[in-house]
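With chain A held as given, fit chain B onto it using these hints.
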Amino acid sequence: MSNKFLKNVKIIALGITIIVIFLAGKAFYEHRYFKGAVVLGPGVTEVKTLGDYFSPLKGSINDCNIYILDSGNPGGTIIVIGGTHPEEPGANLTAQLLVENAQVEKGRLIIAIWANRSASTVSRPGDAYPQFYHIPTDWGTKKFRMGDRWANPLDSWPDPEVYINYPSKQMLAYMDIRNLNRTWPGRIDGTLVERTCYAFMELIKKERVGLFIDLHEAELEYPVISTIVAHQKAQEIAAMSSMILTAMEFDRPIGMEFSPPALHGLSHREVGDHSDALSLLFEAPEPFLDRVRGITDENLLLTGKDPFVMKAGKYGLLYEKIDERGWPIEVRVGRHTSTILQVIQTYSEIYPDKAVFLSQVPRYAEVIQNGVGHYFYNPAEAPTDRVVYE
Amino acid sequence: MITVNLVIMVIYHIISAFVAFVLLFSIVKTKNAQEAILYCIILIPFVLRVLHIK
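Heads up: the protein sequence lines correspond to chains A and B, in order.
Quick note on the working numbering: the first sequence kicks off at 1 and runs consecutively.
Quick note on the working numbering: the second sequence kicks off at 1 and runs consecutively.
Isolated chain A (complex conformation):
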């Protein structure tokens, strides 16, 4: 092999390497630093950040926006968090829909769209996750960042060999130290996600939150699906709401499950145990997360239609039904909005002194009819002081 040939091979290989590094780096960089616009609806009276409740988190990647919708009329306080697992878009889309539309007639509503923002800055290329997804709106297409279940290792690393939840000392999988729904009630001097949970607990205590709602989606292979998981303090609300929703509104039922007392780190257990708030967690079906899924792309994420998952259902391998209708994003978000409204109504009836009345939030049938995008507003047409970025 001549020296000239070898030199040319090296130059070409290095040139291609630089191009690949640039292209890959650009894609990863754009995903990590993407800013999604949120148009503040007429109900939003104040935007704080999570760091306002726990200063060590201030300015960090998980210093997410906290939207406060205060009616000015005495009543209770309810918090809804989305983005605990940013690979479950029905949760953050529902939270953003509330921020852009909800109006509070009595009491206060607090919303976090991206509870674990770090987890929204990383995806799973090895699992063919799309980096972004697009929701058609009345004014164009709105782009959202697809995330992961765990916080970005760039923000929290290394993981321990075994994650030991604080203060329960329960042993969990190592990567769950980056899972916002395994690190409750948080730790003041813990890792990023433990501190994030700690900050949320501070928020719950300082704002005297009476009802806590954590929005999720789940694979159909997972038994905890299409359900409201309730802390024992909130079991009446969950049971009543699931019965009403199943009987009156949903064409596919929603159940109710008790939060296992010995399973620690999850919001439905720890928020109820460590604060005065009643804690609930909602699960909607997301076929995109099933391991038996076929082509993994934005279409599957938004339509929830997959022949392989359907086939698994025919063999009785799933905990939720699926047919050719799939589980479109409108159905998943609509189930969340109606469940939130029903739970709040039931809570207000049981605790009239802590009542919260909401309006302008679309229910299940309306979201399906109009599409999720109908409820997102054009940031270009909104006053600049009514647009924030996540």
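Derived by calculation from the structure, the hints in this document are not laboratory data.
A portion of the hints provided could be inaccurate.
Unchecked claim - Only pairs whose alpha carbons sit at most 27 Å apart, straight line, appear in this in silico DSS-like list of lysine-lysine:
(1) A:Lys10 - B:Lys54
(2) A:Lys233 - A:Lys106
(3) A:Lys106 - A:Lys169
(4) B:Lys54 - A:Lys58
(5) A:Lys169 - A:Lys142
(6) A:Lys48 - A:Lys205
(7) A:Lys311 - A:Lys321
(8) A:Lys48 - A:Lys169
(9) A:Lys10 - A:Lys26
(10) B:Lys29 - A:Lys10
(11) B:Lys31 - A:Lys7
(12) A:Lys305 - A:Lys48
(13) A:Lys354 - A:Lys205
(14) A:Lys233 - A:Lys58
(15) A:Lys321 - A:Lys206
(16) A:Lys58 - A:Lys35
(17) A:Lys354 - A:Lys106
(18) A:Lys10 - A:Lys35
(19) A:Lys206 - A:Lys305
(20) B:Lys29 - A:Lys4
(21) B:Lys31 - A:Lys35
(22) A:Lys233 - A:Lys143
(23) A:Lys142 - B:Lys54
(24) B:Lys31 - A:Lys10
(25) A:Lys314 - A:Lys354
(26) A:Lys48 - A:Lys26
(27) A:Lys206 - A:Lys106
(28) B:Lys54 - A:Lys143
(29) A:Lys169 - A:Lys26
(30) B:Lys31 - A:Lys4
(31) B:Lys29 - A:Lys7
(32) A:Lys142 - A:Lys305
(33) A:Lys35 - A:Lys143
(34) B:Lys54 - A:Lys26
(35) A:Lys142 - A:Lys48
What you are looking at is a predicted structure, and each value in this text was computed from that prediction instead of being measured.
Leaving out everything else, chain B in the frame of chain A:
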């Protein structure tokens, strides 16, 4: 805990940078074209890691 993690993270990046440097050096020094291409491929994740991108 945070401090320990931070120290490990910094050391990890220093090691990554060192490996990237060794790979670059090996690309220059090798007399084998196939090895040069292989080192180039291996170099990609190390550079992205050092730049704190992925």
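Quick rundown of the hints versus the structure:
Proximity of Lys10 of chain A to Lys54 of chain B is assessed by CA-CA distance (about 25 Å); at most 27 Å being required, the pair is judged to hold. Between Lys233 of chain A and Lys106 of chain A the alpha-carbon distance is near 23 Å, which keeps this suggested pair within the 27 Å criterion. Among the hinted pairs, Lys106 of chain A with Lys169 of chain A is inconsistent with the structure: their alpha-carbon atoms are about 40 Å apart, more than 27 Å. A distance of roughly 24 Å separates the Cα atoms of Lys54 of chain B and Lys58 of chain A; the hinted pair therefore holds under the 27 Å criterion.
Restraint check for Lys169 of chain A and Lys142 of chain A: the C-alpha separation of about 43 Å exceeds 27 Å, so the hint is violated. About 16 Å separates the Cα atoms of Lys48 of chain A and Lys205 of chain A, which keeps this hinted pair within 27 Å; it holds. About 11 Å separates the Cα atoms of Lys311 of chain A and Lys321 of chain A, which keeps this hinted pair within 27 Å; it holds. Between Lys48 of chain A and Lys169 of chain A the alpha-carbon distance is near 32 Å, which puts this suggested pair outside the 27 Å criterion.
The straight-line distance between the Cα atoms of Lys10 of chain A and Lys26 of chain A is roughly 24 Å, inside the 27 Å bound, and the hint therefore holds. For the hint pairing Lys29 of chain B with Lys10 of chain A, the CA-to-CA distance comes to about 10 Å; that is within 27 Å, so the pair holds. Restraint check for Lys31 of chain B and Lys7 of chain A: satisfied, since their Cα atoms lie roughly 9 Å apart, inside the 27 Å limit. For the hint linking Lys305 of chain A to Lys48 of chain A, the alpha-carbon distance of about 38 Å lies beyond 27 Å, and the restraint is violated.
For the hint linking Lys354 of chain A to Lys205 of chain A, the alpha-carbon distance of about 15 Å falls within 27 Å, and the restraint holds. Taking the CA atoms of Lys233 of chain A and Lys58 of chain A, the gap is near 32 Å; set against the 27 Å cutoff, the hint is violated. Pair hint Lys321 of chain A plus Lys206 of chain A does not hold up; C-alpha atoms about 41 Å apart against a cutoff of 27 Å. Distance hint between Lys58 of chain A and Lys35 of chain A is fulfilled; the C-alpha atoms sit about 18 Å from each other, no more than 27 Å.
For the hint linking Lys354 of chain A to Lys106 of chain A, the alpha-carbon distance of about 9 Å falls within 27 Å, and the restraint holds. A hinted pair counts as satisfied when its Cα atoms are at most 27 Å apart, and Lys10 of chain A with Lys35 of chain A does not qualify at roughly 39 Å. With a C-alpha separation of about 43 Å, the suggested pair Lys206 of chain A and Lys305 of chain A falls outside the 27 Å cut-off, and the hint is violated. Distance restraint check for Lys29 of chain B and Lys4 of chain A: the Cα-Cα separation of roughly 14 Å lies within the 27 Å cut-off, and the hinted pair is therefore satisfied.
Between the alpha carbons of Lys31 of chain B and Lys35 of chain A the distance comes to roughly 47 Å, so the proposed pair goes past 27 Å and is violated. Simply put, Lys233 of chain A and Lys143 of chain A have alpha-carbon atoms about 38 Å apart, too far for the 27 Å limit, and the pair is violated. With a CA separation close to 26 Å, the supplied pair Lys142 of chain A and Lys54 of chain B stays within the 27 Å bound. Among the hinted pairs, Lys31 of chain B with Lys10 of chain A is consistent with the structure: their alpha-carbon atoms are about 10 Å apart, no more than 27 Å.
Proposed proximity of Lys314 of chain A and Lys354 of chain A is contradicted: the alpha carbons are some 46 Å apart, above 27 Å. About 31 Å separates the Cα atoms of Lys48 of chain A and Lys26 of chain A, which puts this hinted pair outside 27 Å; it is violated. A hinted pair counts as satisfied when its Cα atoms are at most 27 Å apart, and Lys206 of chain A with Lys106 of chain A qualifies at roughly 19 Å. With a C-alpha separation of about 22 Å, the suggested pair Lys54 of chain B and Lys143 of chain A falls inside the 27 Å cut-off, and the hint holds.
The straight-line distance between the Cα atoms of Lys169 of chain A and Lys26 of chain A is roughly 41 Å, outside the 27 Å bound, and the hint therefore fails. The straight-line distance between the Cα atoms of Lys31 of chain B and Lys4 of chain A is roughly 11 Å, inside the 27 Å bound, and the hint therefore holds. A hinted pair counts as satisfied when its Cα atoms are at most 27 Å apart, and Lys29 of chain B with Lys7 of chain A qualifies at roughly 10 Å. A hinted pair counts as satisfied when its Cα atoms are at most 27 Å apart, and Lys142 of chain A with Lys305 of chain A qualifies at roughly 21 Å.
Of the pairs offered as hints, the one joining Lys35 of chain A and Lys143 of chain A holds, with about 10 Å between alpha carbons and a cut-off of 27 Å not exceeded. For the given pair, Lys54 of chain B sits about 11 Å from Lys26 of chain A by alpha-carbon distance, which is consistent with the 27 Å threshold. Distance restraint check for Lys142 of chain A and Lys48 of chain A: the Cα-Cα separation of roughly 24 Å lies within the 27 Å cut-off, and the hinted pair is therefore satisfied.
Hint compliance for this structure: hints 3, 5, 8, 12, 14, 15, 18, 19, 21, 22, 25, 26 and 29 are broken, all remaining hints hold.
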